[in-house]
Amino acid sequence: MKLLDNIKNIPDKISVDTLKERAVAIKNAIPKPTARKEKKEEKKEEIPSDSLKCPSCEKIIEKKALGKLKICPECGKLFRMNAKDRIKIIADKDSFKEMDINMEADNPLNFPDYSAKIKGLQEKTGLKDAVKTGICTIGGYKCLIGVMDSGFMMGSMGSVVGEKLTRLFEYGTEHKLPVVIFTCSGGARMQEGIVSLMQMAKVSAAVAKHSEAGQLYVTVLTDPTTGGVTASFAMLGDIILAEPKTLIGFAGRRVIEQTIKQKLPDEFQTSEFLLEHGFVDAIVEREKLQDTLATILKLHNCKKEVEE
Amino acid sequence: MPAYDNVRIARKITRPTALDYIEHIFEDFVELHGDRNFRDDKAVVGGIASLNGIPVTVLGVQKGKTMEENIERNFGQPHPEGYRKALRLMYQAEKFHRPIINFINTSGAYPGLGAEERGQGEAIARNLMVMANLKTPTISVIIGEGGSGGALALAVTDRVWMLENSVYAVLSPEGFASILWKDAKRAEEAADLMKITAADLLEMGIIEKVIKEVDGGCQNDFGFTANLMKAKLETELEILMSKDIDTLLKERYDRFRGFGVFKE
Numbered sequence: 001m002k003l004l005d006n007i008k009n010i011p012d013k014i015s016v017d018t019l020k021e022r023a024v025a026i027k028n029a030i031p032k033p034t035a036r037k038e039k040k041e042e043k044k045e046e047i048p049s050d051s052l053k054c055p056s057c058e059k060i061i062e063k064k065a066l067g068k069l070k071i072c073p074e075c076g077k078l079f080r081m082n083a084k085d086r087i088k089i090i091a092d093k094d095s096f097k098e099m100d101i102n103m104e105a106d107n108p109l110n111f112p113d114y115s116a117k118i119k120g121l122q123e124k125t126g127l128k129d130a131v132k133t134g135i136c137t138i139g140g141y142k143c144l145i146g147v148m149d150s151g152f153m154m155g156s157m158g159s160v161v162g163e164k165l166t167r168l169f170e171y172g173t174e175h176k177l178p179v180v181i182f183t184c185s186g187g188a189r190m191q192e193g194i195v196s197l198m199q200m201a202k203v204s205a206a207v208a209k210h211s212e213a214g215q216l217y218v219t220v221l222t223d224p225t226t227g228g229v230t231a232s233f234a235m236l237g238d239i240i241l242a243e244p245k246t247l248i249g250f251a252g253r254r255v256i257e258q259t260i261k262q263k264l265p266d267e268f269q270t271s272e273f274l275l276e277h278g279f280v281d282a283i284v285e286r287e288k289l290q291d292t293l294a295t296i297l298k299l300h301n302c303k304k305e306v307e308e
Numbered sequence: 001m002p003a004y005d006n007v008r009i010a011r012k013i014t015r016p017t018a019l020d021y022i023e024h025i026f027e028d029f030v031e032l033h034g035d036r037n038f039r040d041d042k043a044v045v046g047g048i049a050s051l052n053g054i055p056v057t058v059l060g061v062q063k064g065k066t067m068e069e070n071i072e073r074n075f076g077q078p079h080p081e082g083y084r085k086a087l088r089l090m091y092q093a094e095k096f097h098r099p100i101i102n103f104i105n106t107s108g109a110y111p112g113l114g115a116e117e118r119g120q121g122e123a124i125a126r127n128l129m130v131m132a133n134l135k136t137p138t139i140s141v142i143i144g145e146g147g148s149g150g151a152l153a154l155a156v157t158d159r160v161w162m163l164e165n166s167v168y169a170v171l172s173p174e175g176f177a178s179i180l181w182k183d184a185k186r187a188e189e190a191a192d193l194m195k196i197t198a199a200d201l202l203e204m205g206i207i208e209k210v211i212k213e214v215d216g217g218c219q220n221d222f223g224f225t226a227n228l229m230k231a232k233l234e235t236e237l238e239i240l241m242s243k244d245i246d247t248l249l250k251e252r253y254d255r256f257r258g259f260g261v262f263k264e
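Residue numbers (this note's numbering), protein chains in the order written: chain A, 1 to 308; chain B, 1 to 264.
Think of the hints as simulated: they come from the structure by calculation, not from any bench.
Every residue gets a Cβ at the ideal spot worked out from N, C-alpha and C, and that includes glycine.
Some hints could be false.
[Stated by the list, open to error] Stretch by stretch, here's where chain A covers chain B in the computed footprint (C-beta under 8 Å, at least three residues): (1) 106-116; (2) 119-129; (3) 195-203.
[To be verified] Calculated pairs, DSS-like style, for lysine-lysine (alpha carbon to alpha carbon, straight line, at most 27 Å): (4) B:K250 with B:K232; (5) A:K88 with A:K142; (6) A:K64 with A:K209; (7) A:K263 with B:K185; (8) A:K261 with B:K185; (9) A:K263 with A:K63; (10) B:K263 with B:K12; (11) B:K135 with A:K209; (12) A:K53 with A:K88; (13) B:K42 with A:K209; (14) B:K209 with B:K250; (15) B:K212 with B:K12; (16) B:K263 with A:K124; (17) B:K185 with A:K176; (18) A:K53 with A:K124; (19) A:K209 with B:K250; (20) B:K263 with A:K119; (21) A:K176 with B:K135; (22) B:K182 with A:K119; (23) B:K42 with A:K263; (24) A:K93 with A:K117; (25) B:K263 with A:K117; (26) A:K84 with B:K263; (27) A:K77 with A:K88; (28) B:K135 with B:K12; (29) B:K209 with B:K185.
So here's chain A without its partners, still in its complex pose:
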């Protein structure tokens, strides 16, 4: 408003000084994009290799101080977890048996550099693609689990993610097993074009069959869950849980701001925002996730795996 007032209400006769004053007022009213610049400059500051800087409280923290839950000891910020670490804190010890271990991306559009990019990431991350799927027990209850990994092309969904999840649901339908999925994704994988869009329909159709067979499906939305993943299996759980302060949405914040030409509030598209608007069942602290999932499985009469 201040900015507009200064531009609009200019009288016909106006002194140079008043004009100058107004110019200064206008300049001050325009939000300064300084925050980002400052951050870039700060990058120069030295961080030891066994430490990192918390993006929330900006304190330098020893990596091992994050613990297996990957939580900042200073401010409680949840760091993103890779699939391997996530499975460690959710599945009972040594219970996880991975499925479709060797499945990897092909290149349906012959997209330039896609195959090389996949290969490079496979070497860097030790993952074949952006999701691990398998069978495990949680608190003793047998279930199928899928965990997306944002370290692999931002957890984007192409054919491999779509196929592995579809097979997981089909296995669950056939063997009457519940499915738990940890979502974490930027959305569809652009390099696979329309084929990646079709994965949304493919997985959703498999969820439908699993649901019709009376089986339980729980999603846990973790940071970030956006785009085509939000608009398909992430939002289809019988029960939808989310970690605190997680980014969850369909369209990207920048696209929305450009479309509606206004700035969005900070809490927009957080798990708290979705809870308030009725799109998640509960926000669960990371340390309580395993127990909460075990309780949910128990209340759905899921089978307790008996030690042989």
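Mind docking chain B on chain A? Use the hints.
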């Protein structure tokens, strides 16, 4: 011809809209409004009508042909309530054993504050899941732009067809270029790489049929394309309606189940 030429034709403001096809192809169209929950989204039109004596449910994403109409129709970008209106009418079609015919023409689901508050992602997801299992024959035709999840939310059907100059893509070429190369100006280059034309998608097996348009686009001879479409819809509905529901649903599942290219 470069793929981006199709994009230009598909986006022409004079391009025939969903309501143009609905009015030309069907008789006794009764438009039905609202999602029974929040409001009536004018970017989505729907209702009941007759195709040569067969009652059907028709749905469409509706663009305008003037600025005024486009503002009213939100430029054919549905909100969640638009998808939920479509869902309500599809459930209704299932109840009364009516086939469903969808006309799709959207650059995408609307990216807005209210749309996110009311669960744009959930609305699209719900449609994908329900449509996969809807116990009645379904056909969708992409008549202009088929933009991403916002188009797919009406296209999980037994048959998916495209008009010759329509496009169907995971994202607009502009969005694609800006995500991958941080440069929306490379949209024409992106369009060629993305395989978004009816001919490309037919070859890839993503769609079953391409409906011809006259040179320059169907706005130059609407009757030609609309009559062709009507004839094809009649033939195809007869085929789909002769199948028992279990076969229909299995074939629909397999249709989408087969999409994906990977190694193992």
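Would the hint linking K53 (chain A) and K88 (chain A) be met if the CA-CA limit is 27 Å? holds (24 Å)
Holds or violated: K263 (chain B) with K117 (chain A), Cα cutoff 27 Å? Cα-Cα ~16 Å, so holds.
Does the alpha-carbon distance linking K84 (chain A) and K263 (chain B) stay inside the 27 Å limit? holds (22 Å)
Given pair status - K12 (chain B), K135 (chain B), alpha carbons within 27 Å: Cα-Cα ~36 Å, so violated.
Straight-line alpha-carbon gap K212 (chain B) to K12 (chain B), limit 27 Å: holds (17 Å)
Three-residue Cβ test at 8 Å for the coverage of the stretch 106-116 of chain B by chain A: holds (count 7)
Are the Cα atoms of K250 (chain B) and K232 (chain B) separated by 27 Å or less? Holds - the C-alpha atoms of K232 (chain B) and K250 (chain B) are around 23 Å apart, at most 27 Å.
What's the verdict on K176 (chain A) and K135 (chain B), does the C-alpha distance respect the 27 Å limit or exceed it? holds (23 Å)
Next pair to validate is K209 (chain A) with K250 (chain B); report whether the Cα-Cα distance is within 27 Å. holds (11 Å)
K182 (chain B) paired with K119 (chain A) [C-alpha distance capped at 27 Å]: Holds, at roughly 23 Å.
Would the hint linking K263 (chain A) and K185 (chain B) be met if the CA-CA limit is 27 Å? Answer holds: K263 (chain A) to K185 (chain B) is near 25 Å, not above 27 Å.
Are K209 (chain B) and K185 (chain B) close enough, with their CA atoms no more than 27 Å apart? Outside the cut-off at roughly 31 Å; violated.
In terms of the numbered hints stated before, the structure departs from hints 6, 9, 10, 13, 17, 24, 28 and 29, listed from lowest to highest.
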